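With the hints as your guide, set chain H onto chain W.
Protein sequence lines correspond, in order, to chains W and H.
Once you know that position 18 of the first sequence is 289 in the working numbering, the rest is easy, because the numbers rise by one and skip nothing.
Once you know that position 18 of the second sequence is 1474 in the working numbering, the rest is easy, because the numbers rise by one and skip nothing.
Please keep in mind that the hints were generated in silico from the structure rather than gathered at the bench.
Wrong hints could be hidden among the right ones.
In silico negatives: residues of chain W with every beta carbon more than 12 angstroms from chain H [unchecked claim]:
# : residue
1 : Gly287
2 : Gly325
3 : Asp326
4 : Gln335
5 : Met377
6 : Lys379
7 : Pro380
Each pair of labels, with its calculated beta carbon distance range [stated by the list, open to error]:
#  : chain 1 : residue 1 : chain 2 : residue 2 : range
8  : W       : Ser323    : H       : Arg1519   : 34 to 42 angstroms
9  : W       : Gly312    : H       : Glu1509   : 27 to 35 angstroms
10 : W       : Asp326    : H       : Leu1539   : 42 to 50 angstroms
11 : H       : Glu1457   : W       : Pro281    : 39 to 47 angstroms
12 : H       : Arg1519   : W       : Ile289    : 42 to 50 angstroms
Owing to the predicted nature of the structure, the values given are computational and were not obtained by experimental measurement.
Quick reminder that beta carbons are idealized off the backbone N, C-alpha and C, glycines included.
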Amino acid sequence: QKEVEQNSGPLSVPEGAIASLNCTYSDRVSQSFFWYRQYSGKSPELIMSIYSNGDKEDGRFTAQLNKASQYVSLLIRDSQPSDSATYLCAFIQWNMLTFGGGTRLMVKP
Amino acid sequence: ETGVTQSPTHLIKTRGQQVTLRCSSQSGHNTVSWYQQALGQGPQFIFQYYREEENGRGNFPPRFSGLQFPNYSSELNVNALELDDSALYLCASSLGGRWSDEQYFGPGTRLTVT
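Extracted from the complex, chain W is given alone in its bound form (with noise of 0.2 angstroms):
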């Protein structure tokens, strides 16, 4: 079993919409979850942390954390085409930072 699941993808949602981003984990310890926004041929951009079950609200973006079911997810709300990237989720498990290997969102037109 992978650390962190992610699906590849690509999630492809119409431009406006509300895009879904999910990702499971396998350290029931870790207290630390982050999303970034990676473009193409550029860095991983932070969008958020949570460390607590539950909701946590930034703009467009909401992340979810449900600690007991290992999952946490990432809602973009009005979808817009320069949303369109790759997103990773990353939590600490044994003192560093662990990546999935990214979702790749395409917002169309």
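Just chain H now, kept in the frame of chain W:
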């Protein structure tokens, strides 16, 4: 822009050579982490430096080494380069040496080994 800088932007080396990559952390950050990202994969943790000491290491061989300077800038050295070392090398800075701290990435160095 995160304020984290890396040099050089691109580098081409031959198998067996050695390479040094450099990173300047964001102002106020005393922790630097290094990652290797192969094409189509997520970043893989190499090691972290906190106040000039190694603060954790991933599953990379000893030919990957590093150091951190008193101004918190950092270097990644790779000896005896192999073809599989071709990747994007990323450094990330964070505030205080805690693993829960948010990490902010620099633009990366694209290394090609031929």
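Going down the list of hints, with the structure as the test:
Non-interface call for Gly287(W) relative to chain H: holds, since the shortest CB-CB distance, roughly 29 angstroms, exceeds 12 angstroms. In this structure Gly325(W) is separated from chain H by more than 12 angstroms, as the shortest Cβ-Cβ distance comes to about 17 angstroms. Asp326(W), annotated as away from the interface, keeps every beta carbon of chain H farther than 12 angstroms; the closest lies near 19 angstroms. With a least beta-carbon separation of about 18 angstroms from chain H, Gln335(W) lies farther than 12 angstroms from that chain, consistent with its non-interface assignment.
Against the 12 angstroms criterion, Met377(W) stays outside the reach of chain H, whose nearest CB is about 16 angstroms from its own CB. The claim that Lys379(W) lies off the interface holds: its Cβ sits roughly 22 angstroms from the closest Cβ of chain H, which is beyond the 12 angstroms cut-off. Consistency note on Pro380(W): stated as away from chain H, and its beta-carbon is indeed over 12 angstroms from all of that chain's, at 26 angstroms minimum. Against the hinted window of 34 to 42 angstroms, the Cβ-Cβ separation of Ser323(W) and Arg1519(H) comes to about 40 angstroms, which satisfies the hint.
In this structure the hint that Gly312(W) and Glu1509(H) lie 27 to 35 angstroms apart at CB holds, the actual value being about 33 angstroms. Asp326(W) and Leu1539(H) have their C-beta atoms about 45 angstroms apart, which keeps the hinted 42 to 50 angstroms range intact. Evaluation of the 39 to 47 angstroms hint for Glu1457(H) and Pro281(W) yields a failure: the beta carbon distance comes to about 28 angstroms. The hinted range of 42 to 50 angstroms is satisfied by Arg1519(H) and Ile289(W), whose Cβ atoms lie roughly 46 angstroms apart.
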